[in-house]
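Could you slot chain B onto chain A? The hints should help.
Going down the list, the sequences are from chains A and B.
Everything in the first sequence is counted per numbering that gives the first Met the number 0, starting at 0 for the first residue and increasing by one.
Everything in the second sequence is counted per numbering that gives the first Met the number 0, starting at 0 for the first residue and increasing by one.
To be clear, the hints were calculated from the coordinates, so they are not data collected in a lab.
Take these hints with a grain of salt, some might be off.
Going by beta-carbon spacing under 10 Å, a handful of chain A positions derived as facing chain B [claimed, not checked]:
{"id": "1", "residue": "Leu-50"}
{"id": "2", "residue": "Thr-52"}
{"id": "3", "residue": "Val-104"}
{"id": "4", "residue": "Leu-106"}
{"id": "5", "residue": "Leu-114"}
{"id": "6", "residue": "Tyr-116"}
{"id": "7", "residue": "Pro-121"}
{"id": "8", "residue": "Arg-123"}
{"id": "9", "residue": "Thr-134"}
{"id": "10", "residue": "Asn-142"}
{"id": "11", "residue": "Ile-144"}
{"id": "12", "residue": "Gly-199"}
For the chain B half of the interface with chain A, some residues (derived, Cβ under 10 Å), not all of them [to be verified]:
{"id": "13", "residue": "Ala-126"}
{"id": "14", "residue": "Leu-127"}
{"id": "15", "residue": "Pro-128"}
{"id": "16", "residue": "Val-132"}
{"id": "17", "residue": "Leu-148"}
{"id": "18", "residue": "His-154"}
{"id": "19", "residue": "Arg-156"}
{"id": "20", "residue": "Val-173"}
{"id": "21", "residue": "Ile-175"}
{"id": "22", "residue": "Ala-179"}
{"id": "23", "residue": "Pro-183"}
Remember, it's a predicted structure, so these values are computed and weren't measured experimentally.
Glycine included, C-beta positions come from ideal geometry on N, C-alpha and C.
For reference, the chains in residue letters:
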Amino acid sequence: MLATAIALVFFYAPNDADQGFVQKIFYVHVPLAIVALIGFVVAGLLGVMHLRTRDDRWDYRSYVAIHMGVIFGVGVLITGAIWAKAAWGKWWVWDEPTLVSFLIVFLLYVTYYPLRYSIEDPQRRARYASVFAITAGAFVPINFIAVRLAENLVHPRVLNQTAGDMPGEMRLTFLVALAGMALLYMTLVKLELTSKHARGQLRRLRRLLEEEGSPGGAAPPPIVTVPAKPE
Amino acid sequence: MRPVGAILRKDLLVELRTKESVPSMAIFAVTTFVIFHFGLDRDRLEGELAAGVLWVTILFAAILGINRIFVAEREQGGFDGILMAPIERTSLLIAKAGALFTYLLALELVALPVFALFFLSDGFWEALPRLLVVAVLADLGLATVGALLASIAVHTRARDLLLPLLLLPLTLPVMIGAAAATKPLLSIPLETSGVGKWLAVLALYDLIFGLLAYAVFDFLMED
Numbered sequence: 000m001l002a003t004a005i006a007l008v009f010f011y012a013p014n015d016a017d018q019g020f021v022q023k024i025f026y027v028h029v030p031l032a033i034v035a036l037i038g039f040v041v042a043g044l045l046g047v048m049h050l051r052t053r054d055d056r057w058d059y060r061s062y063v064a065i066h067m068g069v070i071f072g073v074g075v076l077i078t079g080a081i082w083a084k085a086a087w088g089k090w091w092v093w094d095e096p097t098l099v100s101f102l103i104v105f106l107l108y109v110t111y112y113p114l115r116y117s118i119e120d121p122q123r124r125a126r127y128a129s130v131f132a133i134t135a136g137a138f139v140p141i142n143f144i145a146v147r148l149a150e151n152l153v154h155p156r157v158l159n160q161t162a163g164d165m166p167g168e169m170r171l172t173f174l175v176a177l178a179g180m181a182l183l184y185m186t187l188v189k190l191e192l193t194s195k196h197a198r199g200q201l202r203r204l205r206r207l208l209e210e211e212g213s214p215g216g217a218a219p220p221p222i223v224t225v226p227a228k229p230e
Numbered sequence: 000m001r002p003v004g005a006i007l008r009k010d011l012l013v014e015l016r017t018k019e020s021v022p023s024m025a026i027f028a029v030t031t032f033v034i035f036h037f038g039l040d041r042d043r044l045e046g047e048l049a050a051g052v053l054w055v056t057i058l059f060a061a062i063l064g065i066n067r068i069f070v071a072e073r074e075q076g077g078f079d080g081i082l083m084a085p086i087e088r089t090s091l092l093i094a095k096a097g098a099l100f101t102y103l104l105a106l107e108l109v110a111l112p113v114f115a116l117f118f119l120s121d122g123f124w125e126a127l128p129r130l131l132v133v134a135v136l137a138d139l140g141l142a143t144v145g146a147l148l149a150s151i152a153v154h155t156r157a158r159d160l161l162l163p164l165l166l167l168p169l170t171l172p173v174m175i176g177a178a179a180a181t182k183p184l185l186s187i188p189l190e191t192s193g194v195g196k197w198l199a200v201l202a203l204y205d206l207i208f209g210l211l212a213y214a215v216f217d218f219l220m221e222d
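Isolated chain A (complex conformation) (with noise of 0.2 Å):
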């Protein structure tokens, strides 16, 4: 899919009419950003299924929900400042609403880090790092709101604009960028998840023999035994 979204982009889509070949980093760009930012939200109800249910695997997917999220928002930044300067002829431009909402989302969910570091007990940690989750999931669509009221609206706003103002083929090229991401962004997470429970588990395997092996061990299960989290 993305590869497909790639040769749309390179040989399809018509170049922009003032800005050339450089306006192709759109449909990386955007779709980065709508991606990142539907995984924060989607983060929150992941959270509010954790705190519901009290099942830590809700937990992590949240958590690794946002990891990705993050790691796309470095992305959509990068991404941003290169078309930035290339249209604008800054690399930042502070009177662009949807560039400064993006920013401090970015710098919101970097805490969650910090946050999640720093506790030690496992359950607490999981129950605080949801509640976290669910106010920065909400947050992010306040924070559209109230920064968009405070500066002047000049930055495109592709979605509600689709319709009108661009050519067939970018829109097509548009959308097919878009779902190419959010397979990305959800074969990341597939991943991750993949990697960290396994990560969890040899460490479990590896406690136990260590147990095995120790003088004090007394009569360690079976590994066999070890019974597998259900994904």
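Chain B only, in chain A's frame:
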């Protein structure tokens, strides 16, 4: 509502006797004004610059108070007391937000006149009633979010470090709203157009985060 009143009365009484938070916040605010005077190299401020200096100072002074709001509970086992008492846990949040709100009002009682004395030429009295409305709405937001985040941060290892990190981005809408609503009030001549919209934004923020804090606080108080 009774437990809320009891905890709130306890906090305010402790503050009255120890004078731990509010005087420090006030001194901090006044010193920050002086620093702004030298940093900006300006004798008189108006409009957006005045609004910015005022609200940034109040936000930073608020962090001092918010950082200390749960210290007594942590050090002297107040959390266990609340957990064992047959009361709703959320009453702790409401009481703490109420205490913070009172602290912030007390802070502004000092900081606003000093700010006017230092930086404003005239027109302060005309602007004052509307400025107070802005302050009350902004304080509500700061107090609610501050109490929620303080209760998160107090249970972490890096607590005083983590709180400003969490608080500053989350209260940014309050800052935007308060500064934008204050800007016309401190302009010369005084303007009142456009203030209402920002008051509505502040009120909306207070409402949403009040409900949110109310909904999630129970989960922070389980052990």
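These are the hints, each one checked on the structure:
no., hint, in the structure
1, Leu-50, "5 Å, holds"
2, Thr-52, "12 Å, violated"
3, Val-104, "8 Å, holds"
4, Leu-106, "5 Å, holds"
5, Leu-114, "6 Å, holds"
6, Tyr-116, "9 Å, holds"
7, Pro-121, "12 Å, violated"
8, Arg-123, "7 Å, holds"
9, Thr-134, "6 Å, holds"
10, Asn-142, "6 Å, holds"
11, Ile-144, "8 Å, holds"
12, Gly-199, "22 Å, violated"
13, Ala-126, "21 Å, violated"
14, Leu-127, "24 Å, violated"
15, Pro-128, "24 Å, violated"
16, Val-132, "18 Å, violated"
17, Leu-148, "8 Å, holds"
18, His-154, "7 Å, holds"
19, Arg-156, "4 Å, holds"
20, Val-173, "9 Å, holds"
21, Ile-175, "5 Å, holds"
22, Ala-179, "6 Å, holds"
23, Pro-183, "14 Å, violated"
In summary, the numbered hints that this structure violates are 2, 7, 12, 13, 14, 15, 16 and 23.
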